[in-house]
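K.L.:
Chain by chain, the residues:
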Amino acid sequence: MNITGEDLILACSAIGAGLAVIAGIGPGIGQGIAAGHAAAAVGRNPGAKGDIMSTMLLGQAVAETTGLYGLLIAMLLLFVKPLI
Amino acid sequence: MRNAVLMEAGTENIDFMIHGLYSYEIFGQTVWITTSHVCILIVMLVLMIFAVAANRRMKRATEVPGGFQNILELIVEKLDSMVMGTMGKIAGPKFVNYISTIFIFILVSNISGLFGLRPPTADYGTTLALGLITFFLIHIAQFKNLPLKQIWKDMCSPLPPWLPLWLPINLISEIAVPISLSLRMFANVLSGTVMMALVYGLLSKVAIIWPAALHAYFDLFSGAIQTYVFCMLTMTYIGQNYEME
Chain E
1 MNITGEDLIL ACSAIGAGLA VIAGIGPGIG QGIAAGHAAA AVGRNPGAKG DIMSTMLLGQ
61 AVAETTGLYG LLIAMLLLFV KPLI
Chain Z
1001 MRNAVLMEAG TENIDFMIHG LYSYEIFGQT VWITTSHVCI LIVMLVLMIF AVAANRRMKR
1061 ATEVPGGFQN ILELIVEKLD SMVMGTMGKI AGPKFVNYIS TIFIFILVSN ISGLFGLRPP
1121 TADYGTTLAL GLITFFLIHI AQFKNLPLKQ IWKDMCSPLP PWLPLWLPIN LISEIAVPIS
1181 LSLRMFANVL SGTVMMALVY GLLSKVAIIW PAALHAYFDL FSGAIQTYVF CMLTMTYIGQ
1241 NYEME
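Chains E and Z, in that order, give the protein sequences. Quick note: the first sequence uses this note's numbering, first residue 1, plus one each step. Quick note: the second sequence uses this note's numbering, first residue 1001, plus one each step.
Fair warning: there could be bad hints in the mix.
If you only want the chain E side, here are some residues facing chain Z, beta carbon under 8 Å, derived [as the list claims (entries may be wrong)]:
| # | residue |
| --- | --- |
| 1 | M53 |
| 2 | M56 |
| 3 | V62 |
| 4 | T65 |
| 5 | Y69 |
| 6 | L72 |
| 7 | I73 |
In silico lysine-lysine, DSBU-like type, Cα no more than 30 Å apart, as pairs [unchecked claim]:
| # | chain 1 | residue 1 | chain 2 | residue 2 |
| --- | --- | --- | --- | --- |
| 8 | Z | K1149 | Z | K1094 |
| 9 | Z | K1144 | Z | K1205 |
| 10 | Z | K1059 | Z | K1078 |
| 11 | Z | K1205 | E | K49 |
| 12 | Z | K1149 | E | K49 |
| 13 | Z | K1089 | Z | K1059 |
Hints in this document: simulated from the structure, not taken from any laboratory. Note that the Cβ used here is the ideal one computed from N, Cα and C, for glycine as well.
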């Protein structure tokens, strides 16, 4: 079986895509912390549930960005194949 | 061999890319009319028909609203209270029209995946345009409302104004605003589109009824959240340059 340079680059791109999605760990932890604190806040002050929910969702969506950058890199490596 | 990275079977069914439909030459560049343009046109048509219908209904508005008028008043009131609550009494009335417009446009674009379109916001061109509009609005508001001395002081902010060592870093953080705004929405909508394409392409034999739950999450929930976040961040960034009263 002959492995050409292009095949090698494709295989390495697949490994790189897998490594890039590890970026999802950070936002996962961050969103979990935000949700936990929001739950504690609702427990302390159930009247402010609406405000707490919207603030939490806004913060979580902003924190999600870094994970999405990793996903974007993985997509680029797999489908656009910039290295070939 | 090219697609060997993907799976062997069923790859020909997976389709979430943007397709060119028609190309023309302008100033020596080849420009393509793509599926994104067509989807944006469809979204615009839907919004225009809705606007015309709303206009006709409100011309003969009744004291006690019923049916369609109720829905229109609800939409306008919700958007008004959202903008006024975030931007305050001074900047709010100036920007309520623009924010409401992009809110409705982005929302309809994001959930158009439900109706079989490829969401226009899953094209980086659309979201970058929206991010650039926000960028220019921020800086126009800044130069209109703050004195130049204050802007220079903000740009050198942690250090005193006569020592602009921090200036390049602040400039980079200003330029990062439209990039992060547009990439956030683009990546969110694109990930939903790719997921749905994978489900329909690879599991086409068993994809009956249950993808509706995925649609509800990726198209409705995620799309609505991203719309809210985009408008909220736009309002906060612009509102920083006005004093809150």
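K.L.:
Does each hint fit the structure? Answer for all of them.
P.N.:
Each hint, compared with the structure:
1. Look at M53 of chain E: its Cβ only gets to about 11 Å from chain Z, farther than 8 Å, so that hint breaks.
2. Because the beta carbon of M56 of chain E sits about 11 Å from the nearest beta carbon in chain Z, more than 8 Å, this interface hint is broken.
3. For V62 of chain E, the interface hint holds, since its Cβ comes within 8 Å of a Cβ in chain Z; the closest pair sits about 7 Å apart.
4. Of the supplied interface hints, the one on T65 of chain E holds, with its beta-carbon coming within about 5 Å of a beta-carbon of chain Z, less than 8 Å.
5. A least Cβ separation of about 7 Å between Y69 of chain E and chain Z falls short of the 8 Å threshold, and the interface hint therefore holds.
6. With a cut of 8 Å, the hint placing L72 of chain E at the interface with chain Z holds, because the nearest CB-to-CB distance is about 5 Å.
7. Among the interface hints, the one on I73 of chain E is violated; its C-beta lies about 10 Å from the nearest C-beta in chain Z, farther than the 8 Å criterion.
8. The hinted pair formed by K1149 of chain Z and K1094 of chain Z meets the criterion: a straight-line CA distance of about 25 Å does not exceed 30 Å.
9. Simply put, K1144 of chain Z and K1205 of chain Z have alpha-carbon atoms about 59 Å apart, too far for the 30 Å limit, and the pair is violated.
10. Between K1059 of chain Z and K1078 of chain Z, the direct Cα distance comes to roughly 21 Å. Compliance with the 30 Å bound is thereby established for this hinted pair.
11. Using a Cα cut-off of 30 Å, the hinted pair K1205 of chain Z and K49 of chain E is violated, with the two alpha carbons roughly 43 Å apart.
12. For the proposed pair K1149 of chain Z and K49 of chain E, the alpha carbon gap of about 42 Å is over 30 Å, so the pair is violated.
13. Of the pairs offered as hints, the one joining K1089 of chain Z and K1059 of chain Z holds, with about 28 Å between alpha carbons and a cut-off of 30 Å not exceeded.
In this structure, the hints that do not hold are numbers 1, 2, 7, 9, 11, 12, in rising order.
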